[in-house]
Amino acid sequence: MAGPKSSSKQSPASSETAVAVSTLWKSYLDQTPDRLKFIDAFLAFIVLSGVLQFVYCVLVTNFPFNAFLAGFASSVGQFVLTASLRAQVNPENRSEFKEVSPERAFADFALGSIVLHFFVFNFLG
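Position 97 of the sequence shown, counted from 1, bears residue number 1074 in the working numbering, the numbering being contiguous throughout.
Simulated from the structure, these hints should not be mistaken for laboratory data. Predicted, not measured: the structure shown is a model, and the values here were computed from it. From the three backbone atoms N, C-alpha and C, an ideal C-beta is built for every residue, glycine too. Where hints are given, some of them may not hold.
[Claimed, not checked] The list that follows gives simulated cross-link-like pairs (lysine to aspartate or glutamate, EDC-like), each with its CA atoms no further than 20 angstroms apart: (1) K1003 x E993; (2) K1014 x E993; (3) K1014 x E1076; (4) K1014 x E1069; (5) K1075 x D1085; (6) K1003 x E1069.
[To be verified] Here are the computed distance ranges between Cβ atoms for each label pair: (7) L1101 x S988: 27 to 35 angstroms; (8) V996 x F1022: 23 to 31 angstroms; (9) F1022 x R1081: 19 to 27 angstroms; (10) A990 x P1068: 29 to 37 angstroms.
All chains should be modelled from the sequences, with the hints used to inform the complete structure.
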């Protein structure tokens, strides 16, 4: 009995997905301001950091557990603060944040980050 024939052609669904992703990426590169791209790169770094911490905890060790919790909570908290900053400095959201200037948004982000890391440092013991 012969096995399934391998085809070098992609299925229509996968080619449509590839076209959609390609269009989305080109639109992101063309229309997103550099300031937001920088924030998005930092968000990707934070996600990668959190994933690596979790994988290390699962595969290697979780001792001391409070250090893992502090590090992972730091990643989650910093992600939330950075996502908030991105929402506030996005020019398309100007109608939502009329009273908040980009400088004020960054000051709030910096103060929130300091407070977050103060609590994380104290949780380490």
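Fill in: Hint numbers not upheld by this structure, sorted from lowest to highest
2, 3, 7
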